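Student: Knowing the structure of chain A, use the given hints to seat chains B, C and D on it.
Chains as they are written, first to last, in this note's numbering: chain A, 18 to 339; chain B, 149 to 559; chain C, 6 to 160; chain D, 14 to 167.
There may be inaccurate statements among the hints.
In silico DSS-like links for lysine-lysine, alpha-carbon gap of 27 Å or less [unchecked claim]:
| hint | chain 1 | residue 1 | chain 2 | residue 2 |
| --- | --- | --- | --- | --- |
| 1 | B | Lys222 | C | Lys152 |
| 2 | C | Lys128 | B | Lys376 |
| 3 | B | Lys504 | A | Lys318 |
| 4 | D | Lys89 | C | Lys128 |
To give an idea of the interface, some chain B residues facing chain D are shown, with a C-beta separation under 10 Å as derived from the structure [said to hold, decoys possible]:
| hint | residue |
| --- | --- |
| 5 | Gly210 |
| 6 | Ser235 |
| 7 | Leu280 |
| 8 | Glu299 |
| 9 | His314 |
Taking CB as the label site, the calculated pair distances span [unchecked claim]:
| hint | chain 1 | residue 1 | chain 2 | residue 2 | range |
| --- | --- | --- | --- | --- | --- |
| 10 | A | Val179 | B | Gly505 | 39 to 47 Å |
| 11 | B | Gly505 | A | Gln117 | 51 to 59 Å |
| 12 | A | Leu23 | B | Thr360 | 51 to 59 Å |
Simulated from the structure, these hints should not be mistaken for laboratory data.
Here the structure is a predicted model, which means the values were calculated and not measured.
Beta carbons: idealized from backbone N, C-alpha and C, even for Gly.
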Amino acid sequence: MTPVQLAELLLFPGLTFFVWLAFLFEWLERKTAARMQGRLGPVVAGPFGILQPVADFFKLASKEEIVPSESDPFVLRWGPALYFAAPAIGIAFIPVLGYQSVLYHPLDLLFMFFVLGFSTLMAGLLGYASAGRYATIAMGRLVVQYTSYEVPLLISMVTPAVLAGSLSLQGVAQAQAPLWYIFLAPMAFAVFILASLAELEKPPFDIPSASTEIVGGWMTEFSGNALAYVKLTKNLSYVFLSALAVTLFLGGAGGPVLTADSDVQALAYVCYFLLKLFAVGFLIFAIKTGLARVRIDQAAKVFWTVVTPLSLAQLALVILLR
Amino acid sequence: MSDAPAGDRKETGAGLMQYSPEGMMPFGPVHPSLKEPEYFKLILEGEKIVQVVPRIGYVHRGIERAAQERTWVKDIYLFERICGICSFAHSISFTQAVESMSPFEVPDRARYIRVVVAELERIHSHLLWLGLVGHWAGFDTLFMWVWKDREHVLDLEEGITGNRVHKSYSTFGGVRKDLPEGIGAKVTAELGYIEKRVAYYKDLVQSEQTLTVRTRGVGRISQDTARKLSPVGPLLRCTGIGRDVRTEDPYAAYDEVRPEVQTSKDGDIASLLVLRLNEVLDSCRMVKEALEKIPSGPFKVPFPRTVPEGEAAFHVEAPRGELFYFVKSAGGSVPERVKIRTPTMANLLTATEMLKGQTLADVPVVLTGMDPCFGCMDRVSVFDVDKSKEWSLSGEELRDYGIEYYRGRRG
Amino acid sequence: MRRTSADPLQRLSAKLGGALHPERRTTLLTVDPSKVEEACLGVASLPGLYHLSTITGVDLGDQIGILYHFWEGRRFVTVKTAVPKTAPRIRSVAGALPAATLYEAEIQDLFGVAFDGNPYAGKRLLLPDDYPAEAPPPMRKEADPEKIRRMMKLE
Amino acid sequence: MASFRSGLTQWARKRSIWVFHVNAASCNGCDIEILAALTPRYDAERLGVELVPSPRHADVLLVTGTLNPLMRDRLKTVYEQMPEPRHVVAIGACALGGGVMKDCYNVGHGIDAAVPVDLYIPGCPPRPEAIIFGILKLVTGTPDPVMAGEAHVG
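Just chain A, same shape as in the assembly (with noise of 0.2 Å):
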């Protein structure tokens, strides 16, 4: 690996890059929600509070770290780190700088699928390990769910590729040059999207991780450090499925060339991507916030008969019409 390759995988368009997107994106659901609830939102924190998840990270970085007795200690302290890992190597495969990723495999859609249900694997391992009661029953919940949404999950994503005739991000993105998939396959998207706020445990799925029935859910007994990065691993979920989105629906960093200066155009290929993924962010703010949550059953059989019909429906149209 040469040092740009490095340097690209560490800073941009790669890790550093996401986490800040990831901070940028929990102030934006934040200030999204206050202002819809008729609040302000964070305010001193930075120009317009703008820093208000920087200082919660860096707080509670900075608290003690209290392991419970009953507890898996080594899980615990090592639990996070691989949480984190895995949006953290998803998003290595996002094309940002046009249609180039920084890490490539012809086949890295079906890396993605291992990615976003290991992320699940590891939230329950988590939840299992700090053995807290409201813990474990979520756990049963994340695992209910996780049954429930992953299938059309699955099949969403697989649409585009099948429009596309390619298993890999980059020719995905490529393909949808002339013709977002979001036109050719808008239940797909529509499914993505409602099978991501399950994935990412927002409402109404916010089920695993409802404050008010279950405590914290399976995060009730973390603290400090680790709460730390788990928080951020959420967010940093939160843009890697838009990032997901974006690339499968919205022809990834594509758009007008204007230049033929590459790097400039370079440039341009991020606003067009960072555009689409707040346009993305901001659909699942406005769900998000709109929403009561729902119940355990009631997810999981809006998934079966509604959901997963739709998505199989939509791949089903898609063969045909090719």
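Tutor: Okay, now just chains B, C and D, sitting in the frame of chain A:
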């Protein structure tokens, strides 16, 4: 809160029913959805609740005893602090109970002012409750909106009485001070806004899908159960029994400013939502009507420091239902006995009944649905009522119970 | 209205050997402790009187008075009885009127009256579980709040 | 580097205050005012104040109420679950010293008998402004217990 069960064993030994720890889950006393500490042991079958064992007493302070050692006037301020939400209902109930024992007539103006403030309090309490239902159903946006509007009502209350929460407004022989100048126009303007918002919320709670699936058919109680367990207030009225102290046994000026009793037939949380919002609209109308009809004259008559010997039972319709006071005087400067039965106390049995058969996710919604006010209630406690004998369950029996439960459901 | 529903009350009172005192808002029916369950059931089965508002305990010196308040329209019907402090024991009405369960439990906790047949018999409901055994029930006249506080180490 | 880190921590701690609320036998008055402090008119989130569901996530413990014997041990348990650095704020007359309930038989004289209190906010109940003012006073670094919000007592 994983440590909440730590105290469990001790408590079990000291009198609560014994249960096997499998599937048992503590709910409280410190839990984010109970803003007040109460402890519910939920016996679960998967996510389904088969038994509820509440333990109250976490807010017990011993107010009734302290009242016997303080003068009549000091007691007004003590009783007001039983509950921060229905504080005015407590003070009018106590003052009217005492007034009914003495020959002094309360001036008409004071009777009307009491109606105005009591109805404003009902509006504020119901809005507070609607916000909390939203919060506990995971719908924080609704919570924020409703509490924003509630501030308008608090402004009116503050304008009239001088304080937002504990108003110290009603006193023996009338109210402490007169209505401020020009309050009528202000009230009409603010209540117009509230009415518009409440009409919108009424539409919202009936049409918002994610909210209706959480509330429709949840926590259903029948009229028969209601007759048996004597719940009060909206919880009783949502089963179709239209009992309301304000119409059946009018106090203050309720015989001249008459409320329309709201009822519903469904007896579930969804119907409670609509019913309470209808009551808010009705209260808005009553406040305006009372301010129009209000006679001029004195707002207070002098009242002696002692109360003639005798007993009186008095009740008012607090936001949560019938609030009952029994006062006994030996003719001295302190009461001989004051007994208070708060609405939540009467409703708790019904709430445990509503919880059974629901899932864990429904607990906050159902508990909120009854609009608990444990601060009020805590002079008493509760647990299982269904099986009137003491029973302990092993995991095996719990399973059998669950199987029986589902069989009963299918059949 | 009052006349028609007062008549069955008089019949009930005569049957149980009690005394009936109609007052301005409250009709008082005084009965012997052994007849309380019958009296309460009799009152509760009268039209409109099914609502048991509450049960009050009162310290009457050497006796503990127990009052069952039923509400209908503009009046209360109160069944009144008293048990001696030396043997504070009475049959529970919770079997017939489930709503009484808690109110009886409260009196048991605060006045130390035993209710035979109440599901809460012998259990703490309201007071802390480690409420000092040597202290009298807190609502009795002889109980001194200061002393109880000291016993519970609140000071 | 060390000073940068401590500076960063200081900066962060003043801007991110996560509170956990315990009602130790209160009348609800203070509790609804705490909630009101989070709602649009007062909006404590502006200042980074957030209500968290678990004491393990919290920096500040808000305690209201008279502390009856049943809640005394619960309060200690909750306090022990909080990670350092942690602070306790007593809100309302009852939590300060028993308030109007002072001589009831089931009531303690203030929560400082159970947990160390950093700040007292008087009032029955204190207004939301006073609560926000008090929490700010706490994090902007006053070492001694301060009677915060005297001007705002409602």
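Student: Hint by hint, say whether it matches the structure.
Tutor: Tested hints:
no., hint, in the structure
1, B/Lys222 to C/Lys152, "holds, 23 Å"
2, C/Lys128 to B/Lys376, "holds, 24 Å"
3, B/Lys504 to A/Lys318, "holds, 22 Å"
4, D/Lys89 to C/Lys128, "holds, 25 Å"
5, Gly210, "holds, 4 Å"
6, Ser235, "holds, 7 Å"
7, Leu280, "holds, 8 Å"
8, Glu299, "holds, 5 Å"
9, His314, "holds, 6 Å"
10, A/Val179 to B/Gly505: 39 to 47 Å, "holds, 45 Å"
11, B/Gly505 to A/Gln117: 51 to 59 Å, "holds, 57 Å"
12, A/Leu23 to B/Thr360: 51 to 59 Å, "holds, 54 Å"
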